[in-house]
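J.: Protein chains in written order, with our numbering: chain S, 138 to 391; chain L, 6 to 556.
Be aware that a few hints might be false.
Here are the simulated lysine-lysine pairs, DSBU-like style, with alpha carbons at most 35 Å apart [stated by the list, open to error]:
| no. | chain 1 | residue 1 | chain 2 | residue 2 |
| --- | --- | --- | --- | --- |
| 1 | L | K376 | L | K329 |
| 2 | S | K315 | L | K349 |
| 3 | L | K329 | L | K128 |
| 4 | L | K386 | L | K376 |
| 5 | L | K349 | L | K386 |
| 6 | L | K386 | S | K315 |
Incomplete in silico selection of chain S near chain L, CB under 8 Å [stated by the list, open to error]:
| no. | residue |
| --- | --- |
| 7 | R156 |
| 8 | I157 |
| 9 | P158 |
| 10 | P160 |
| 11 | A168 |
| 12 | V172 |
| 13 | I176 |
| 14 | G201 |
| 15 | A217 |
| 16 | A236 |
| 17 | L241 |
| 18 | N242 |
| 19 | V247 |
| 20 | F292 |
| 21 | K384 |
Facing chain S, from chain L, some residues (calculated, C-beta under 8 Å) [unchecked claim]:
| no. | residue |
| --- | --- |
| 22 | Y241 |
| 23 | D341 |
| 24 | L348 |
| 25 | I350 |
| 26 | I351 |
| 27 | F367 |
| 28 | N392 |
| 29 | F452 |
| 30 | S486 |
| 31 | D507 |
| 32 | H511 |
| 33 | F512 |
No wet-lab data here; the hints were simulated from the structure. Even for Gly, the Cβ is constructed at its ideal location relative to N, Cα and C.
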Amino acid sequence: MARNLTALRSQIESVLARRIPAPFMPCNFKAVETVSAGIPATDGLTGGLPRGGITEICGPSCSGRTSLLMAALASRTAEAEACAFIDGRDAFDPYSAEATGVELNQLLWVRCRNIDQALRAADLVLHGGGFGLVALDLGDIPAEVVRYVPLNVWFRFRRAVEHTPTIFLVIEQEPHAKTCASLVLRMETGAAHWLKTTPDGQEVIRHPHACLFAGSLLRAEVLRNRVQPVSRACFDRGSPSVTLESKYRPTGRG
Amino acid sequence: MAFVSIFVPNFMVQAVVRSEPGLRDRALALVDGTSSIQTVIGLNEAASKAGVKLAMTKSQAQQFGEIEVRHRARTQEKIAYAALLDLGWSVSPRVEDTAADTIVLDLAGLAGLFGSEESIAGKLAEGATRLGFTTQIATASNLDAAILASRAFAGITVIPAGKESILIGKVPASALSPSMEVRETLERWGVHTCAALAALPVLQLSERLGQEGVRLHEWARARSTRAMVLAQPAIYFEEAMELEHAVAEIEPLSFLLGRLLGQLCARLAKRSLAAGVIRVRFELEPSLEVDIPLINDDPHYYRPVPSIYERTFCLAVPMGDSTKLLKLLILHLQADAPPAPVLKIILAAEAARPRVSQGGLFCPISPDPEKVELTLARLAKLVGAANIGSPELLDTHRPEGFRMLRFVPNRDSVDTRRPVRRSSSGKEAAMTEKVEISTEKDCKTAFRVFRPALAARVEVRQGCPARVAFPGVRGRVVAASGPWRGSGDWWSEDAWQTEEWDIEIHFDAPSPSRLPEQIENTGVKAGPQRGVYRLFYDLTRQEWFVRGAYD
Numbered sequence: 138m139a140r141n142l143t144a145l146r147s148q149i150e151s152v153l154a155r156r157i158p159a160p161f162m163p164c165n166f167k168a169v170e171t172v173s174a175g176i177p178a179t180d181g182l183t184g185g186l187p188r189g190g191i192t193e194i195c196g197p198s199c200s201g202r203t204s205l206l207m208a209a210l211a212s213r214t215a216e217a218e219a220c221a222f223i224d225g226r227d228a229f230d231p232y233s234a235e236a237t238g239v240e241l242n243q244l245l246w247v248r249c250r251n252i253d254q255a256l257r258a259a260d261l262v263l264h265g266g267g268f269g270l271v272a273l274d275l276g277d278i279p280a281e282v283v284r285y286v287p288l289n290v291w292f293r294f295r296r297a298v299e300h301t302p303t304i305f306l307v308i309e310q311e312p313h314a315k316t317c318a319s320l321v322l323r324m325e326t327g328a329a330h331w332l333k334t335t336p337d338g339q340e341v342i343r344h345p346h347a348c349l350f351a352g353s354l355l356r357a358e359v360l361r362n363r364v365q366p367v368s369r370a371c372f373d374r375g376s377p378s379v380t381l382e383s384k385y386r387p388t389g390r391g
Numbered sequence: 006m007a008f009v010s011i012f013v014p015n016f017m018v019q020a021v022v023r024s025e026p027g028l029r030d031r032a033l034a035l036v037d038g039t040s041s042i043q044t045v046i047g048l049n050e051a052a053s054k055a056g057v058k059l060a061m062t063k064s065q066a067q068q069f070g071e072i073e074v075r076h077r078a079r080t081q082e083k084i085a086y087a088a089l090l091d092l093g094w095s096v097s098p099r100v101e102d103t104a105a106d107t108i109v110l111d112l113a114g115l116a117g118l119f120g121s122e123e124s125i126a127g128k129l130a131e132g133a134t135r136l137g138f139t140t141q142i143a144t145a146s147n148l149d150a151a152i153l154a155s156r157a158f159a160g161i162t163v164i165p166a167g168k169e170s171i172l173i174g175k176v177p178a179s180a181l182s183p184s185m186e187v188r189e190t191l192e193r194w195g196v197h198t199c200a201a202l203a204a205l206p207v208l209q210l211s212e213r214l215g216q217e218g219v220r221l222h223e224w225a226r227a228r229s230t231r232a233m234v235l236a237q238p239a240i241y242f243e244e245a246m247e248l249e250h251a252v253a254e255i256e257p258l259s260f261l262l263g264r265l266l267g268q269l270c271a272r273l274a275k276r277s278l279a280a281g282v283i284r285v286r287f288e289l290e291p292s293l294e295v296d297i298p299l300i301n302d303d304p305h306y307y308r309p310v311p312s313i314y315e316r317t318f319c320l321a322v323p324m325g326d327s328t329k330l331l332k333l334l335i336l337h338l339q340a341d342a343p344p345a346p347v348l349k350i351i352l353a354a355e356a357a358r359p360r361v362s363q364g365g366l367f368c369p370i371s372p373d374p375e376k377v378e379l380t381l382a383r384l385a386k387l388v389g390a391a392n393i394g395s396p397e398l399l400d401t402h403r404p405e406g407f408r409m410l411r412f413v414p415n416r417d418s419v420d421t422r423r424p425v426r427r428s429s430s431g432k433e434a435a436m437t438e439k440v441e442i443s444t445e446k447d448c449k450t451a452f453r454v455f456r457p458a459l460a461a462r463v464e465v466r467q468g469c470p471a472r473v474a475f476p477g478v479r480g481r482v483v484a485a486s487g488p489w490r491g492s493g494d495w496w497s498e499d500a501w502q503t504e505e506w507d508i509e510i511h512f513d514a515p516s517p518s519r520l521p522e523q524i525e526n527t528g529v530k531a532g533p534q535r536g537v538y539r540l541f542y543d544l545t546r547q548e549w550f551v552r553g554a555y556d
């Protein structure tokens, strides 16, 4: 019986091959468009940020989540796309954002006081539509609190962004969107890099604590990627992860 | 050359009915005068049929059964007349505001655009109906003939060129609005129509009636020649409504606002304009509100509520859709409601050219500006208007030196508001010299701010932070860079002076999460083993704080 079915299926496929390449695939399947996250290493790892889907960047504090988000915002605003940043705990630093290349006049910053406001604001912005990237920053909100967000909220977000060109990017300490997320990245802290000498070996400043913060090593690991299979070339010792070097550039703040 | 005259019969009554459409099918009498002697100055056909007559007192008029009695509304008359002028400007740029109930349009050169005089008159009548007027319209090659015909004949009257005197001849002589003395004289002579007046010899008429007689004779012959006195188009549109009973709730207010906005947008659309700025002014019911006693111990201390509520809404893009404007207004009013019930509504719009744009295949992704306005209003209601916008950096080294600007998505350019930065501080200069500039391939380290800055306990050894503890974090400083000194605004009261450090902390294991509420919620929880933070010593307050984290 099974053999007959297989034979029948292959016969139908061969007959329809010229007109319909894959007759037994869902007809509404559509390749998901991805765009650069602004960092070639993560682009190589993930295939880019998916439009019309939820991307989660999770990790503890100081793990490079914000750096990744800023790179994505810089990349999108450089293309003159309007972006929105829903700030769950008012942690956005405009100086740092500008130093990373974000065009501030293309960015809508919503400063929220709690997770409830942040979720409702994200819902409003997503349903308003037209933004290239909408970032929801829940990075400073305890994972235990975010865990209480019902799953239907994430489904609602997914429904709001699918079939739109919007990238919905969420920063949090742990992944919570479950199956609603198209891409989940976990960030880990590496060693900080302190500059004590110039490239030609001279001391920076003659002072007992003379050193300059120059950046840190970060590790990005893909936990879920429903958009594109991860390239084997990007695997680091068998795991879909990549090590990034984050460089600090002073912002000229006070 | 042709002219069209639009006459609104019973204008005072129509102005009131326009603001209260419910009165259209009811008997209505308008009264005016002092509070002791109020007499009927206008009435509609239903009231006339019921037996009400002009100059009756208010109490006499009220005896005729179901008669609606309203006071004369001069504001409504002014607004209705402005709407009538807008109707004129929607067709011709040359409009004369002839009288309080009449306007005249010059139709020269408009045939190619709108067709024949008859079709233009039809279009005007249709437009007037949409504005809530019942009009009498006449076209003629003579300006005064057009005015006379519009006042004398109902509906649309088209007078062919050269036939003015025949048609005007049928008009009663009283339609020329002679003085009382001249009118009595003409009646004594048996002159009842313009034709009879035009037949009189002008010289003898001049001897008996003076210059007024000559002027009336010219009008009756439809031979007068005069230049139009053009009215200046207004760019400020206003609609108002006085309420019999004060409205305290937003929902019933939204119905009234919707009606006024509909009228306002219809007027703007007539002139091919949109609203750039909307001004709302409410006259509030006098009332008192309880206040905290500051001087005496009387717990029932009242102070008067302001009698006027006024707000101005500058729209990012000119809008002409009354539904969207109503939603915006309601959202703003819900966030900032008037403190007392509303007695009078005045809605004004500053006109602007409507946005004309065509989407392109290769345009960057950008939200529809009108939808953005609505989204921003909803967000403002949720988080407060001060908490949304796009940040603009200020030319200062003070921490948090930025301000929030209105978010306006820009499809064309991406770099319009970059500030001019001052020369670098010591730390920046050092970094610029010693650190290679990041290339596009680099991931640039971003910074997260703690607002407000977290108070920290710092153990200093040899002038350098050695151990740090602040809510959620406690650990050993393994690397530190500083102090980077900054100060400013020493000439003002909010002077600031800080010493900043970039510090790398190795947390005492297990490390709790960062914020105090996290500790409350979760207890001690494994966090990152290390982190880089920005610490500063406030020299004014002599205290340590953590400004944020490098993330």
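J.: Hint by hint, note whether the structure agrees.
T.: A quick look at each hint next to the structure:
{"no.": "1", "hint": "L:K376 with L:K329", "in the structure": "holds, 9 Å"}
{"no.": "2", "hint": "S:K315 with L:K349", "in the structure": "violated, 54 Å"}
{"no.": "3", "hint": "L:K329 with L:K128", "in the structure": "holds, 27 Å"}
{"no.": "4", "hint": "L:K386 with L:K376", "in the structure": "holds, 15 Å"}
{"no.": "5", "hint": "L:K349 with L:K386", "in the structure": "holds, 25 Å"}
{"no.": "6", "hint": "L:K386 with S:K315", "in the structure": "holds, 31 Å"}
{"no.": "7", "hint": "R156", "in the structure": "violated, 29 Å"}
{"no.": "8", "hint": "I157", "in the structure": "violated, 28 Å"}
{"no.": "9", "hint": "P158", "in the structure": "violated, 27 Å"}
{"no.": "10", "hint": "P160", "in the structure": "violated, 32 Å"}
{"no.": "11", "hint": "A168", "in the structure": "violated, 18 Å"}
{"no.": "12", "hint": "V172", "in the structure": "violated, 10 Å"}
{"no.": "13", "hint": "I176", "in the structure": "holds, 5 Å"}
{"no.": "14", "hint": "G201", "in the structure": "holds, 6 Å"}
{"no.": "15", "hint": "A217", "in the structure": "holds, 4 Å"}
{"no.": "16", "hint": "A236", "in the structure": "holds, 7 Å"}
{"no.": "17", "hint": "L241", "in the structure": "holds, 5 Å"}
{"no.": "18", "hint": "N242", "in the structure": "holds, 5 Å"}
{"no.": "19", "hint": "V247", "in the structure": "holds, 5 Å"}
{"no.": "20", "hint": "F292", "in the structure": "violated, 21 Å"}
{"no.": "21", "hint": "K384", "in the structure": "holds, 5 Å"}
{"no.": "22", "hint": "Y241", "in the structure": "violated, 31 Å"}
{"no.": "23", "hint": "D341", "in the structure": "violated, 18 Å"}
{"no.": "24", "hint": "L348", "in the structure": "violated, 34 Å"}
{"no.": "25", "hint": "I350", "in the structure": "violated, 28 Å"}
{"no.": "26", "hint": "I351", "in the structure": "violated, 31 Å"}
{"no.": "27", "hint": "F367", "in the structure": "violated, 11 Å"}
{"no.": "28", "hint": "N392", "in the structure": "holds, 4 Å"}
{"no.": "29", "hint": "F452", "in the structure": "holds, 4 Å"}
{"no.": "30", "hint": "S486", "in the structure": "holds, 5 Å"}
{"no.": "31", "hint": "D507", "in the structure": "holds, 4 Å"}
{"no.": "32", "hint": "H511", "in the structure": "violated, 10 Å"}
{"no.": "33", "hint": "F512", "in the structure": "violated, 10 Å"}
Against the hints set out earlier in the document, violations occur for numbers 2, 7, 8, 9, 10, 11, 12, 20, 22, 23, 24, 25, 26, 27, 32, 33.
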